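Undergrad: One letter stands for each residue in the lines below.
2 protein chains.
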Amino acid sequence: MVRSIGKLVVIGVGLIGGSFALAMKRAGLVSQVVGVGRSAENLQRAIELGVIDQASHDPALAVQHADLVLVATPVGQMGRVFDAIAPVLPAQAIVSDAGSTKGDVAALMRQHLPKHLGYCVPAHPIAGSDRSGAVAAQYGLFEQRRVVLTPLADTQPDAVAAISHWWQASGATVFTMRPDEHDAVFASVSHLPHLLAFSYVDMIRQKADAERCFDFAATGFRDFTRIAGSHPEMWRDISLANRDALLADLHAYQAQLAQLTQWVEAGDGEALEQMFEQAREARTRWHQGFGKN
Amino acid sequence: MVRSIGKLVVIGVGLIGGSFALAMKRAGLVSQVVGVGRSAENLQRAIELGVIDQASHDPALAVQHADLVLVATPVGQMGRVFDAIAPVLPAQAIVSDAGSTKGDVAALMRQHLPKHLGYCVPAHPIAGSDRSGAVAAQYGLFEQRRVVLTPLADTQPDAVAAISHWWQASGATVFTMRPDEHDAVFASVSHLPHLLAFSYVDMIRQKADAERCFDFAATGFRDFTRIAGSHPEMWRDISLANRDALLADLHAYQAQLAQLTQWVEAGDGEALEQMFEQAREARTRWHQGFGKN
Chain A
1 MVRSIGKLVV IGVGLIGGSF ALAMKRAGLV SQVVGVGRSA ENLQRAIELG
51 VIDQASHDPA LAVQHADLVL VATPVGQMGR VFDAIAPVLP AQAIVSDAGS
101 TKGDVAALMR QHLPKHLGYC VPAHPIAGSD RSGAVAAQYG LFEQRRVVLT
151 PLADTQPDAV AAISHWWQAS GATVFTMRPD EHDAVFASVS HLPHLLAFSY
201 VDMIRQKADA ERCFDFAATG FRDFTRIAGS HPEMWRDISL ANRDALLADL
251 HAYQAQLAQL TQWVEAGDGE ALEQMFEQAR EARTRWHQGF GKN
Chain B
1001 MVRSIGKLVV IGVGLIGGSF ALAMKRAGLV SQVVGVGRSA ENLQRAIELG
1051 VIDQASHDPA LAVQHADLVL VATPVGQMGR VFDAIAPVLP AQAIVSDAGS
1101 TKGDVAALMR QHLPKHLGYC VPAHPIAGSD RSGAVAAQYG LFEQRRVVLT
1151 PLADTQPDAV AAISHWWQAS GATVFTMRPD EHDAVFASVS HLPHLLAFSY
1201 VDMIRQKADA ERCFDFAATG FRDFTRIAGS HPEMWRDISL ANRDALLADL
1251 HAYQAQLAQL TQWVEAGDGE ALEQMFEQAR EARTRWHQGF GKN
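Residue numbers (this note's numbering), protein chains in the order written: chain A, 1 to 293; chain B, 1001 to 1293.
Rather than coming from a laboratory, the hints here were simulated on the basis of the structure.
So, partial list: chain B residues that the calculated Cβ filter (under 10 angstroms) puts toward chain A:
1) GLY1076
2) ALA1127
3) VAL1185
4) SER1199
5) ASP1202
6) ALA1210
7) THR1219
8) ARG1222
9) ILE1227
10) GLY1229
11) ARG1236
12) GLN1254
13) LEU1260
14) GLN1278
15) ALA1282
16) GLY1289
As the structure is a computational prediction, the values presented were derived from the model and not from experiment. Think of the CB as a built atom: it goes at the ideal place given N, C-alpha and C, for glycine as much as any other residue.
If we strip away everything but chain A, and leave its shape as in the complex, we get:
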């Protein structure tokens, strides 16, 4: 059963929530978009930009008669949002999200929306950016991007089919996996590198010759540290939410660094070159395929 969305409620009208609303509008798949948020200024801007049709500060009021509720707030706010909408949610309204971690969102849904789990579909649209707010919303953001759905044991297949259809209509390719599989993969390819980049910049800024270091930092430094420009609150939430998978990767990386340090100490050029070569080969192979599917 694939349907169009009579009423879409986007809670958290930023890059992801706003761009999803725009995508549904362009696809002719939505009749009405209500945006919910704390900042009146951001919501006003979202109306002016045509991202939403109506604004509200009250999630409970907004979700009445909703067909789809997309919770695109930081994960740290989702518990409160689910709590607020739980008593008034229409029986068949699909509830989805856009969080970067999925085990915790699944747990929050089980905790706060226990009677609604058949229509809960945790989701992760992979379209990060350092831009935020309604002004960041853009047409086409999800084209050639990936969306990972992590349905709960109770989620109805119809609800998964509907949300898959909508994300596909935005131009994305949709994948399905278990929440814990999702979190292990994203700890490795996204969360760990963010923490490594933040730590690296924080170490450099504390050096006695920090000013001279920054003076001579070049394009390699620029690319390596780009993700250290990401949103601190969001990354705090992710670090806490994906604690177990992240700790496993942090320990593995520390072991890797200890080995590397030993090679440098011992002047073992052969071991170093072999490791660099294997890393380069894997990275080159990855890069050749990147963006092609």
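Put chain B on the given structure of chain A with help from the hints.
TA: Leaving out everything else, chain B in the frame of chain A:
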């Protein structure tokens, strides 16, 4: 005394050596360019592309009547090159290089060119790229780039002035510092991040779910790992050459990671957010100034 270059000998005709030759030609500052290398194919290509005028496999023959000898080989080959040219070097030929480490090049010059130190000027043009060979040589590579000179105690001011003038004519801004200062700065802003990126990719490729990880790696991963596509042999040489500064930074980074891991383990969101915030602020401030001087 600023002079033009009658005969320029480039030993190692790749991205840096080749682009320097092109820059001198465009500036009208050189009469003849001789390229020296091991690969006949690369030298032939360099002649066809107008990067060099003549090719040679023999450094000792090539440097006769040279005014400037630019040794743009990997640092690991420089000792042999200096040895080969030492007996035949014209008395006032300036010898410079393009290595990413300077303490070791200074030491190699002192060891292999002890009678020529007045005309030795170790240098580091900061224009990295993952492209290599004569085909990578390009006009304008050094425009708005930086070149660090690390003269020896014995280097004649005239030789420093001449090489400064030539690099400035290529469009670069020239800085001078001590070899050990240079190596500490570049360990921090270049060598350490390369080693961290290589180690990270090597860790991911060894994971049980490596294939799925690479499948979902996105733009953050792409930028963070770009430098892991760098040349293994060159980075082996740099790791060995800049061992002491690199070890100091590796230890500092490991301490930083141990602290981070403790915060994640303890679920200390406040400490994490504060560190992320300080890193983001430092990175943003750096990025706003980057490329402006």
